[in-house]
Amino acid sequence: MSAATSGATYTADEMMAVAAARRLGEGTVCFVGIGLPSRAANLARATHAPSCVLIYESGTIGAKPIHLPLSIGDGELAETADSVVSVPEIFSYWLQAGRIDVGFLGAAQIDRFGNLNTTVIGGYDDPKVRLPGAGGAPEIGVSANEIFVMLRQSPRAFVERLDFRTTVGNGDGAGSRERLGYPGRGVTVVVTDIGILEPAQTGELVLTQLHPGRTAEEAREATGWSLKVAREVATTEPPTDEELTALRALKTTTEENAANGR
Amino acid sequence: MARIVSLTDAVSELVEDGNVVALEGFTHLIPFAAGHELVRQGKRDLTLVRMTPDLIYDQLIGMGCARKLVFSWGGNPGVGSLHRFRDAVEHGWPAPLEIEEHSHAGMAAAYAAGAANLPFGMLRGYVGTDLVDHTRVAWVECPFTGERLAAVQAIRPDVGIVHAQQADEAGNVQLWGITGVQKETVLASKRSIVTVEEVVPELEHRPGGVVLPSWVVDAVAVAPGGAHPSYAAGYYHRDNAFYEAWEPISRDRDVFAEWMKRHVLETADVEEYRESIRGAGAPA
Chain A
0 MSAATSGATY TADEMMAVAA ARRLGEGTVC FVGIGLPSRA ANLARATHAP SCVLIYESGT
60 IGAKPIHLPL SIGDGELAET ADSVVSVPEI FSYWLQAGRI DVGFLGAAQI DRFGNLNTTV
120 IGGYDDPKVR LPGAGGAPEI GVSANEIFVM LRQSPRAFVE RLDFRTTVGN GDGAGSRERL
180 GYPGRGVTVV VTDIGILEPA QTGELVLTQL HPGRTAEEAR EATGWSLKVA REVATTEPPT
240 DEELTALRAL KTTTEENAAN GR
Chain B
0 MARIVSLTDA VSELVEDGNV VALEGFTHLI PFAAGHELVR QGKRDLTLVR MTPDLIYDQL
60 IGMGCARKLV FSWGGNPGVG SLHRFRDAVE HGWPAPLEIE EHSHAGMAAA YAAGAANLPF
120 GMLRGYVGTD LVDHTRVAWV ECPFTGERLA AVQAIRPDVG IVHAQQADEA GNVQLWGITG
180 VQKETVLASK RSIVTVEEVV PELEHRPGGV VLPSWVVDAV AVAPGGAHPS YAAGYYHRDN
240 AFYEAWEPIS RDRDVFAEWM KRHVLETADV EEYRESIRGA GAPA
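Protein sequences appear in the order of chains A and B.
Read in numbering that gives the first Met the number 0, the first sequence has 24 at position 25, and its numbers run on one by one without any break.
Read in numbering that gives the first Met the number 0, the second sequence has 101 at position 102, and its numbers run on one by one without any break.
Honestly, the hints are just simulated from the structure, not real lab data.
Each hint should be verified, as a subset may be incorrect.
The following label-pair restraints were derived from C-beta to C-beta distances [as the list claims (entries may be wrong)]:
| no. | chain 1 | residue 1 | chain 2 | residue 2 | range |
| --- | --- | --- | --- | --- | --- |
| 1 | B | His-133 | A | Ser-225 | 26 to 32 Å |
| 2 | B | Ser-275 | A | Asp-124 | 36 to 42 Å |
| 3 | B | Glu-270 | A | Asp-125 | 41 to 47 Å |
| 4 | B | Gly-207 | A | Pro-211 | 42 to 48 Å |
| 5 | B | Glu-274 | A | Ala-257 | 23 to 29 Å |
Non-contacting residues of chain B with respect to chain A, defined by C-beta distances greater than 10 Å in every case (computed) [what the hints assert, rightly or not]:
| no. | residue |
| --- | --- |
| 6 | Asp-8 |
| 7 | Trp-92 |
| 8 | Pro-212 |
Yeah, the Cβ is synthetic: ideal placement off N, Cα and C, and Gly gets one too.
All chains, full assembly: derive it from the sequences and hints.
Following this line, the structure appears as structure tokens:
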């Protein structure tokens, strides 16, 4: 779907990337997952947050890629990083030690408390779809000060009950993370192609913002649980020309780079 | 002291059927040539350990070399699924595959413990996830603060295999760029093989480089291009097009088997492998 802004049109995915990027502030130390989160984090760095520190689990600290990496360990991440450390070090001295402001994750499924599944659809021993698994996500969920999630909204992804809880977001609700001994604050924002969900005091995700032209009804229909809607729902500012230009430039340079065999 | 030998000899002398074998390299410096040699020599019943199985374990699993996989993220990075891995888990083809899965932080802690000759590694994690019911994890209490932490058993492979940029003639090894968990893998393993891009008269120390002295390595084998389609910083880039091309090759059992026959089983070593891929017009 596309909508118009100041003469420009943009896709739902572009709106999602822009809305997520805006959440990252100057100087934020962000542990980045590959795919949608990496795209949004690099958009933030290219626009309003040039000093945002991007950390990839391959051990690259302060990576400044010009092209979006296909994997979390592309050479460009190491070549542009402030420091490259080993994998045990990135998880222990940097993540577990509490040096990460924001862990930025995707998932296959999310539940009402922001818990994530990246392991399996169906039963564990008799899976319908075997997904890649945990990767860095569980401990990003434990130790990052807060967790941002990006996920296209659909009843298959926003489920009443996860097939597998790979990563704890807000657990079983308020107080749950404290009981588990998790230092971080948990999921503080979920950015979708329809809008933005944020946790209430109970830890349950509530629709707080809609992208231009989207409705709360659409969001409810795309959610597998009975989605609560905030009393006042804000409307996302449409992407600015600067944001769209930067996002598309990222896409173009990445494609040109790939075409050149890098 | 490491001996400088052919990869064929290194694999045949140091890897036995039924061994626990770890081939590491985090996106960078993945030891593909050594993995292909395991396939050529028809190794069986291996317990394969690797944080990110990547295409090399997809190939080993699809060729029936593995009995068990210990891992923490099993996908084709940036592309999608590992279809041979999925086929083994979902349908038991070509053989049932036992899996023990962890998180990256858990595996990293387990490797570090293995390298340090400690029985277990510990971390803040696992609790509250469904991994607890499906993997080997236990809990320890800090004797000083009482904090409860997750404990993971040390990884102690029979054989650790990594790829590096260079060795010198005495078998000292240097790798640089993203160095992942390779140092821990070599130090945690009973025996180790390092494949290298080249042997140089003298190692020139690199910023951030990891040097493995000759006396902690058993065998060094020269395998130029041996990390392809992953990359070797300073030598060649990651072949992202190959990772994308692997998707349709690996999706179909017969196409996969034919590809492996043509490019791995019917080639003698890494140089013939690279030549056959170029000749096929396949991405190389």
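To see whether the hints hold, each was checked on the structure:
1. A hinted range of 26 to 32 Å for the beta carbons of His-133/B and Ser-225/A is consistent with their spacing of about 30 Å.
2. In this structure, Ser-275/B and Asp-124/A meet the distance hint of 36 to 42 Å, their C-beta atoms being roughly 39 Å apart.
3. At roughly 44 Å, the beta carbons of Glu-270/B and Asp-125/A sit within the given window of 41 to 47 Å.
4. A hinted range of 42 to 48 Å holds for the C-beta pair Gly-207/B and Pro-211/A, which are about 46 Å apart.
5. Between Glu-274/B and Ala-257/A the beta carbons are some 25 Å apart, a value that agrees with the proposed interval 23 to 29 Å.
6. Non-interface call for Asp-8/B relative to chain A: holds, since the shortest CB-CB distance, roughly 30 Å, exceeds 10 Å.
7. Chain A leaves Trp-92/B outside its interface by the beta-carbon criterion, the shortest separation being 13 Å against a cut-off of 10 Å.
8. With a least beta-carbon separation of about 17 Å from chain A, Pro-212/B lies farther than 10 Å from that chain, consistent with its non-interface assignment.
No hint from the list above goes unmet by this structure.
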